[in-house]
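Colleague: Produce the complete structure using the sequences and hints provided.
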Amino acid sequence: MEPAVRLRAAVTLLGRFPALAGVDLEIAPGEIVLLKGPNGAGKTTLLRLCAGLCSLASGQGWVLGHDLNDERRMVRRRVALLGHRTGLYDDLTVAENVAFWARAAGAGGTDVDEAIERLSLTGRLADTRVGRLSAGQRRRASIASLVVRRPELWLLDEPHAGLDQQSRDTVDTLVRGAAAAGATVVLATHELERIQVLKPRVVSVVGGMVRSGSDSADAPNDGDASTEGDRRVP
Amino acid sequence: MFRDAWLIAGKDLKIEMRARVGINQIVPFAVTVLVLFAFALDTDQEALRTYAPGLFWVTVLLASLLAIGRSFAVDLADGASDRLLLSGIDPIAVFGGKAAAIAIQLVVLEVLLASGVVLLFDVTVHRYGLMVCAGLAAAAGVATAGTLYGALVSGLGVRETLLPMLLLPVVAPVLVGATRAFQDAFGVAGAEGWAWLGLLAGFAAIYGVFGALSYGALLEEA
Chain A
3 MEPAVRLRAA VTLLGRFPAL AGVDLEIAPG EIVLLKGPNG AGKTTLLRLC
53 AGLCSLASGQ GWVLGHDLND ERRMVRRRVA LLGHRTGLYD DLTVAENVAF
103 WARAAGAGGT DVDEAIERLS LTGRLADTRV GRLSAGQRRR ASIASLVVRR
153 PELWLLDEPH AGLDQQSRDT VDTLVRGAAA AGATVVLATH ELERIQVLKP
203 RVVSVVGGMV RSGSDSADAP NDGDASTEGD RRVP
Chain B
473 MFRDAWLIAG KDLKIEMRAR VGINQIVPFA VTVLVLFAFA LDTDQEALRT
523 YAPGLFWVTV LLASLLAIGR SFAVDLADGA SDRLLLSGID PIAVFGGKAA
573 AIAIQLVVLE VLLASGVVLL FDVTVHRYGL MVCAGLAAAA GVATAGTLYG
623 ALVSGLGVRE TLLPMLLLPV VAPVLVGATR AFQDAFGVAG AEGWAWLGLL
673 AGFAAIYGVF GALSYGALLE EA
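One line per chain: the protein sequences are A and B, in this order. Residue 3 is where the first sequence starts when you use the numbering used here, and the numbers rise one by one after that. Residue 473 is where the second sequence starts when you use the numbering used here, and the numbers rise one by one after that.
Please keep in mind that the hints were generated in silico from the structure rather than gathered at the bench. Among these hints, one or two may not hold up.
[Said to hold, decoys possible] Each pair of labels, with its calculated beta carbon distance range:
{"hint": "1", "chain 1": "B", "residue 1": "Met489", "chain 2": "A", "residue 2": "Gln62", "range": "39 to 49 Å"}
{"hint": "2", "chain 1": "A", "residue 1": "Gln167", "chain 2": "B", "residue 2": "Gly482", "range": "29 to 39 Å"}
{"hint": "3", "chain 1": "B", "residue 1": "Val681", "chain 2": "A", "residue 2": "Gly184", "range": "36 to 46 Å"}
{"hint": "4", "chain 1": "A", "residue 1": "Gln198", "chain 2": "B", "residue 2": "Leu548", "range": "29 to 39 Å"}
{"hint": "5", "chain 1": "B", "residue 1": "Val597", "chain 2": "A", "residue 2": "Thr130", "range": "51 to 61 Å"}
{"hint": "6", "chain 1": "B", "residue 1": "Met473", "chain 2": "A", "residue 2": "Ala30", "range": "31 to 41 Å"}
{"hint": "7", "chain 1": "B", "residue 1": "Leu628", "chain 2": "A", "residue 2": "Arg213", "range": "27 to 37 Å"}
{"hint": "8", "chain 1": "A", "residue 1": "Ala137", "chain 2": "B", "residue 2": "Ala667", "range": "54 to 64 Å"}
{"hint": "9", "chain 1": "B", "residue 1": "Asn496", "chain 2": "A", "residue 2": "Ala137", "range": "57 to 67 Å"}
{"hint": "10", "chain 1": "B", "residue 1": "Gly601", "chain 2": "A", "residue 2": "Asp129", "range": "38 to 48 Å"}
{"hint": "11", "chain 1": "A", "residue 1": "Arg75", "chain 2": "B", "residue 2": "Gln497", "range": "34 to 44 Å"}
Backbone N, C-alpha and C fix where the C-beta goes; we use that ideal spot for every residue, glycine too.
Modeller: As structure tokens, then:
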């Protein structure tokens with residue numbers, strides 16, 4: 003079966019500096035992969051590359067069978083990226099935001115209702131402007147606006163950040179459900195204990211490179227990338 | 473494509489109606505500029521009437537910078553610009569939708585300012601048809617060029633200052649054409665208003681096509 007993600011010596015530049023310095027990575031369809039590494043290691047850039055938002059300076063890459071050099075628009079339609087920012091409009095309500103992104107993805111009204119329900123955003127919360135929500139509620143609304151896309155590849159950057167216990171459980175359920183439905187999930191998080199229950203394959207990202215082997219989800223993850231010996235990014 | 477363009481335009485207009493930045497900030501700014509012109513030329517009513525078309529369009533262009541900047545600021549505020557890229561919406565539809573939303577806001581602004589010009593500058597409109605057509609064509613021209621240059625600078629930290637520097641020289645033909653057309657409509661000069669309207673329509677068409685074709689590449693670079 004064709005890998006969901008395949009990278010060969012992938013190099014991505016941020017300005018003049020390589021944020022990813024020759025990454026080789028293969029992720030099978032339906033797999034849950036945890037990207038582990040210190041701050042600034044390149045996890046976010048790797049997720050953005052897989053979403054088709056970064057270009058390859060050199061090397062090769064395919065996501066869901068589409069070439070990252072030539073078919074990034076095709077990649078983008080089939081993935082969902084939950085980044086550090088919510089991607090929502092403050093002056094629209096939760097329901098309006100979710101409905102907008104649903105229509106943009108060609109999804110219907112029932113998908114919107116279902117997503118709002120799944121993320122516990124029903125009732126008055128659905129009609130509240132996003133600008134008036136707490137950080138955790140915004141995060142849930144952001145996830146709801148991704149759920150409606152029914153992506154084949156989930157790219158989650160710190161998905162638990164800013165969420166309370168109940169919402170974190172909701173995210174974990176969502177990840178499990180996505181994987182059970184055949185979607186691939188790649189996530190970067192510092193909350194390793196939570197993720198262990200999902201039994202992910204762990205991939206270490208250090209200095210813009212992927213290290214394979216001897217990885218476990220309970221190994222240390224915090225710290226600054228500048229303390230790593232083989233860090234290449236200046 | 474039209475469905476997606478309308479989706480983008482509807483979203484931008486709904487945000488503007490909710491945020492009331494247009495009503496609370498852009499319109500008062502434009503009216504203030506117009507009033508300042510009136511104060512500056514107050515002693516000479518004839519000069520005020522003569523220069524009213526030019527003053528009107530300078531005011532519209534200055535106010536349009538705020539509307540264009542605002543249109544891109546809402547997408548940049550919390551990462552929605554990335555989401556737009558990921559949505560799979562054709563960049564041509566994004567361009568068309570954003571330009572349409574800006575054009576509609578400019579038309580509303582023009583109507584309010586035109587009323588102000590008639591009241592403050594004691595201007596009489598002789599050719600309503602010409603005035604309406606020139607107003608629509610100029611709004612389309614400023615909106616298409618503004619959307620193009622707004623996207624060009626949207627990824628830059630200096631976008632607020634760079635946008636006026638890039639856009640104002642580009643829309644100089646709109647200022648000239650719309651001023652001449654309004655001079656004819658107001659009966660203050662013997663300009664060939666309908667001929668200048670052709671220039672405005674041509675400008676809007678060129679920037680509409682050029683913007684639609686290049687917008688995808690601009691979004692990638694932003």
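Colleague: Now tell me if each hint is right for this structure.
Modeller: Do the hints match the structure? See the list:
no., hint, in the structure
1, Met489(B) x Gln62(A): 39 to 49 Å, "47 Å, holds"
2, Gln167(A) x Gly482(B): 29 to 39 Å, "37 Å, holds"
3, Val681(B) x Gly184(A): 36 to 46 Å, "43 Å, holds"
4, Gln198(A) x Leu548(B): 29 to 39 Å, "37 Å, holds"
5, Val597(B) x Thr130(A): 51 to 61 Å, "46 Å, violated"
6, Met473(B) x Ala30(A): 31 to 41 Å, "36 Å, holds"
7, Leu628(B) x Arg213(A): 27 to 37 Å, "36 Å, holds"
8, Ala137(A) x Ala667(B): 54 to 64 Å, "57 Å, holds"
9, Asn496(B) x Ala137(A): 57 to 67 Å, "27 Å, violated"
10, Gly601(B) x Asp129(A): 38 to 48 Å, "44 Å, holds"
11, Arg75(A) x Gln497(B): 34 to 44 Å, "36 Å, holds"
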